[in-house]
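Peer 1: Spelled out from the first residue to the last, the chains are:
Protein chains: 2
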Amino acid sequence: MAFELSEGIAILERTPATFRALLGGLPAPWITCDEGPDTFSPFDNLGHLIHGERTDWIPRARIILAQGAPRRFEPYDRFAQSRESAGKTLAELLDEFTALRAANLDTMRSWKLAEAQFALEGEHPALGTVTLRQLLATWVAHDLGHIAQTTRVMAKRYRDAVGPWREYLPIVNR
Amino acid sequence: MAFELSEGIAILERTPATFRALLGGLPAPWITCDEGPDTFSPFDNLGHLIHGERTDWIPRARIILAQGAPRRFEPYDRFAQSRESAGKTLAELLDEFTALRAANLDTMRSWKLAEAQFALEGEHPALGTVTLRQLLATWVAHDLGHIAQTTRVMAKRYRDAVGPWREYLPIVNR
Numbered sequence: 001m002a003f004e005l006s007e008g009i010a011i012l013e014r015t016p017a018t019f020r021a022l023l024g025g026l027p028a029p030w031i032t033c034d035e036g037p038d039t040f041s042p043f044d045n046l047g048h049l050i051h052g053e054r055t056d057w058i059p060r061a062r063i064i065l066a067q068g069a070p071r072r073f074e075p076y077d078r079f080a081q082s083r084e085s086a087g088k089t090l091a092e093l094l095d096e097f098t099a100l101r102a103a104n105l106d107t108m109r110s111w112k113l114a115e116a117q118f119a120l121e122g123e124h125p126a127l128g129t130v131t132l133r134q135l136l137a138t139w140v141a142h143d144l145g146h147i148a149q150t151t152r153v154m155a156k157r158y159r160d161a162v163g164p165w166r167e168y169l170p171i172v173n174r
Numbered sequence: 175m176a177f178e179l180s181e182g183i184a185i186l187e188r189t190p191a192t193f194r195a196l197l198g199g200l201p202a203p204w205i206t207c208d209e210g211p212d213t214f215s216p217f218d219n220l221g222h223l224i225h226g227e228r229t230d231w232i233p234r235a236r237i238i239l240a241q242g243a244p245r246r247f248e249p250y251d252r253f254a255q256s257r258e259s260a261g262k263t264l265a266e267l268l269d270e271f272t273a274l275r276a277a278n279l280d281t282m283r284s285w286k287l288a289e290a291q292f293a294l295e296g297e298h299p300a301l302g303t304v305t306l307r308q309l310l311a312t313w314v315a316h317d318l319g320h321i322a323q324t325t326r327v328m329a330k331r332y333r334d335a336v337g338p339w340r341e342y343l344p345i346v347n348r
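Those sequence lines, one after another, are chains A and B. So for the first sequence, our numbering puts the first residue at 1; every next one is plus one. So for the second sequence, our numbering puts the first residue at 175; every next one is plus one.
Here chain A stands alone, though its shape is the one from the complex (with noise of 0.2 Å):
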C-alpha cells in the first residue's frame, strides 16, 4: 500500500487523542509498568513520541525539503525521555504532546507538498538513502506502533492473572 498525504495525516492527528483516552486518568500501575530493564512504559511511549515531534520528524524533513549539504540526519535518541519526561505528570505529557503535534501538522500542511517532493532524499545515519515519502509513511507507522506498544505492555501486568485463559491472550506473552 502506497503512502498517501491525507491518510497519513488522518492517523496523525489522532494519536494524542488516542493517548489521552488510552492513559488519561489511569491509575500509576497502568503508566508506569514496564516489560523490564530498557523498556519502555506507557509513560515512556508518550515520551518517546513527544521526542520524535520535537527532534526527528519534522526537523528530518526539513533537511530533505532543503535539498542542502550534507542532507544526513542527526541521530534520534531512543531513551531521550527518560531525561525530557522527568518530574512531568502524565497530564503534561499528554498536553506536550497533543500541542506538539498540531503544530507539526500545522506546519507540514502549510508546505503543501507537491508530489515531485515526496521522492526527495536525505540521508540516514543508520539506512542509507530514504525518501520523504518512507520518512512520512514511517512517522505514521511509528504512532501505530507505539499504541500497539503501549497496550502490550499493560496487558502483560495480568499475564499470570488471567490464568488459563493466557493460552488465548498472545498478546501476553510476547
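Calculated directly from the structure, the hints in this document are not laboratory data. Among the clues, some could well be false.
Derived lysine-lysine pairs resembling DSS-like cross-links, with alpha carbons at most 30 Å apart [said to hold, decoys possible]:
(1) A/112 <-> B/330
(2) B/286 <-> B/330
(3) B/330 <-> A/156
(4) A/88 <-> A/156
(5) A/156 <-> B/286
Coverage of chain B stretches by chain A, computed from C-beta distances (three or more under 8 Å per stretch; other residues unrestricted) [said to hold, decoys possible]:
(6) 199-208
(7) 239-247
(8) 270-280
(9) 286-297
(10) 317-330
Here are a few chain B residues that face chain A, going by a calculated C-beta distance under 7 Å [stated by the list, open to error]:
(11) 175
(12) 176
(13) 177
(14) 181
(15) 192
(16) 195
(17) 196
(18) 304
(19) 306
(20) 308
(21) 311
(22) 312
Note that the Cβ used here is the ideal one computed from N, Cα and C, for glycine as well.
Put chain B on the given structure of chain A with help from the hints.
Peer 2: Just chain B now, with coordinates in the frame of chain A:
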C-alpha cells in the same frame, strides 16, 4: 500482578473512547484493511468486542456467580461479528460498543462484588476450571490485545511504504 477490580474497570471504561479516538472518521482503507483471509480488520475488531459484550464477559460472570449446575460457559464464536456487523457503519459500531460497555460496567458495579466471590469458579468449554477473577482479568487484557491488534493491522498497510525503516518497526513485520 494480581487483578484488582477498580484498576480493571479503569481500562474497561476507557476502551470505547480509545477506539473512537483511534478510528472515528478515518478514511475507509484504514477501517477495512486486514492481514489476509480469516483475520480481523479494525472494523472486525470492534464487532468482535461488541459480540463479547453481548455473549461473553457478563453472561459468563453471571454463570459463575449463580453457582448453579451446570457452570459450563457457551463456546465463544470468534467470527460472529462478520454476521452481526453486516450493513452497519463504523460510527454505529462505536456507538453500540460504547452503550453496551457502559451498561455492562453498570451491571458489574451493581453486583458489589465481595472479595470471596472473585475465587468462585466456572467451567470453560476448552480451558476447564476458571475463576471469576481470571475472567475479569481476561476481559481487560482482551481489550488491550484488540487495541494492539487493530493498530498492528493498520501499521502493516505501510510495511513497504516505510522503505528501509522496516528494520526498525517490528510491528509491520509481525
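Peer 1: The structure should be examined with respect to each hint, and the outcome stated for every one.
Peer 2: Okay, the hints, checked on the actual structure:
1. A/112 <-> B/330: Within the cut-off at roughly 27 Å; holds.
2. B/286 <-> B/330: Violated: residue 286 of chain B and residue 330 of chain B sit about 43 Å apart, past 30 Å.
3. B/330 <-> A/156: Roughly 23 Å separates the two Cα atoms, so the pair holds.
4. A/88 <-> A/156: Holds, because 25 Å separates the two Cα atoms, which is no more than 30 Å.
5. A/156 <-> B/286: With a Cα-Cα distance of about 27 Å, the restraint between residue 156 of chain A and residue 286 of chain B holds, given a limit of 30 Å.
6. 199-208: holds (count 6)
7. 239-247: Since three or more residues must qualify, the claim that chain A covers the region 239-247 of chain B is violated, with 0 doing so at under 8 Å.
8. 270-280: As far as the region 270-280 of chain B goes, the hint is violated, because 0 residues have Cβ atoms under 8 Å from chain A.
9. 286-297: violated (count 0)
10. 317-330: Our answer is that it holds, as 9 residues pass the Cβ test (under 8 Å) against chain A, meeting three.
11. 175: Where the cut-off is 7 Å and the nearest Cβ of chain A is about 4 Å from residue 175 of chain B, the hint holds.
12. 176: Residue 176 of chain B check passes; min Cβ-Cβ to chain A is 6 Å, inside 7 Å.
13. 177: 4 Å, holds
14. 181: This hint holds: residue 181 of chain B lies near chain A, its Cβ roughly 5 Å from the closest one there, short of 7 Å.
15. 192: 4 Å, holds
16. 195: Hint on residue 195 of chain B: holds, closest Cβ of chain A at ~4 Å, below 7 Å.
17. 196: 5 Å, holds
18. 304: Result: holds, 6 Å to nearest chain A Cβ.
19. 306: 11 Å, violated
20. 308: At 4 Å from the nearest chain A Cβ, residue 308 of chain B passes the 7 Å test, so the hint holds.
21. 311: 4 Å, holds
22. 312: Constraint on residue 312 of chain B satisfied, holds at 4 Å.
Hints 2, 7, 8, 9, 19, counting from the list given before, are not met by this structure.
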